[in-house]
Amino acid sequence: MQQKLQANGPTWQVQLGRRDSLTANKTLATQNLPAPSFNLTQLKDTFSRQNLNTTDLVALSGGHTIGRGQCRFFTDRLYNFSNTGNPDSTLNTTYLQTLQSICPNSGPGTNLTNLDPTTPDTFDSNYYSNLQDGNGLFESDQVLFSTSGADTISIVNSFINNQTLFFENFVASMIKMGNIGVLTGSQGEIRTQCNAVNGNSSGLATVVTKESSEDGMVSSF
1 MQQKLQANGP
11 TWQVQLGRRD
21 SLTANKTLAT
31 QNLPAPSFNL
41 TQLKDTFSRQ
51 NLNTTDLVAL
61 SGGHTIGRGQ
71 CRFFTDRLYN
81 FSNTGNPDST
91 LNTTYLQTLQ
101 SICPNSGPGT
111 NLTNLDPTTP
121 DTFDSNYYSN
131 LQDGNGLFES
141 DQVLFSTSGA
151 DTISIVNSFI
161 NNQTLFFENF
171 VASMIKMGNI
181 GVLTGSQGEI
191 RTQCNAVNGN
201 SSGLATVVTK
211 ESSEDGMVSS
221 F
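Oh and the sequence shown: position 146 is 146 in full-length UniProt numbering, straight run, nothing missing.
Think of the hints as simulated: they come from the structure by calculation, not from any bench.
No residue lacks a Cβ here, since even glycine has one placed at the ideal position from N, Cα and C.
The reader is advised that the hints may include incorrect statements.
[What the hints assert, rightly or not] Quick list of simulated restraints, FRET-style, between CB atoms:
no., residue 1, residue 2, range
1, T122, T192, 36 to 46 Å
2, G107, V182, 34 to 44 Å
3, A172, D121, 36 to 46 Å
4, I180, T98, 29 to 39 Å
[Claimed, not checked] With a Cα cut of at most 25 Å, we get these calculated DMTMM-like pairs of lysine to aspartate or glutamate:
no., residue 1, residue 2
5, K176, D56
6, K176, D133
7, K176, D151
8, K176, D124
Could you build all of it, start to finish, from the sequences and the hints given here?
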């Protein structure tokens, strides 16, 4: 929330009463997250499983208006998209050259670049304008606008034309997402140490260090 305030983003009342789980499993925690390489069908399926609709998908994707991403999550778009031996044709050619200079094909894949190349530290609707210009960093970003005939295109355009509408939908979708799998009442516990269940101060049994598909991305929410 503090990040949103510093970046001039929207605010909302965070609902209370949530409790922590009695176990921690990083694989389970991340298995429902959309991958940067997802196409639109995969994105919709992932969101639908959490009772999130297409407007939620487009609005929450707008969180990429701030943050950074590692090259390894999109290098294939720059050099060998879908094993074609060519870059992703939906990428703006100037943006492609910029990304190739940041992410050489033989590089380590750990270099960072802005998720939003135009206003990287401001929470605004420029994320959607970038998609219109072919400047979406991840495939999962650009497909919202570049998938032929997709119903997401009109939503992207509406957020470009009305930033307040984007803010309102982002807030509504964040609140909706915050109600997924809530533990209340006698379920779970209130942890005294965030990274460990109560009674296990070392946290060794509950903290999973296995690398996930989302490691290396500095998320905006």
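How the hints compare with the structure:
1. Taking the beta carbon of each, T122 and T192 are about 37 Å apart, inside 36 to 46 Å as hinted.
2. Separation of G107 from V182 is about 42 Å and conforms to the stated range, judged on CB atoms against 34 to 44 Å.
3. The supplied range of 36 to 46 Å is broken by A172 and D121, whose beta-carbon atoms lie about 24 Å from each other.
4. A hinted range of 29 to 39 Å holds for the C-beta pair I180 and T98, which are about 36 Å apart.
5. The straight-line distance between the Cα atoms of K176 and D56 is roughly 9 Å, inside the 25 Å bound, and the hint therefore holds.
6. Distance check on the hinted pair: K176 and D133 sit about 30 Å apart at the alpha-carbon level, beyond 25 Å; violated.
7. Only pairs whose Cα atoms come within 25 Å are accepted, and K176 paired with D151 is accepted, the gap being roughly 21 Å.
8. Between K176 and D124 the alpha-carbon distance is near 20 Å, which keeps this suggested pair within the 25 Å criterion.
Violated hints, in rising order: 3 and 6; the structure is consistent with all others.
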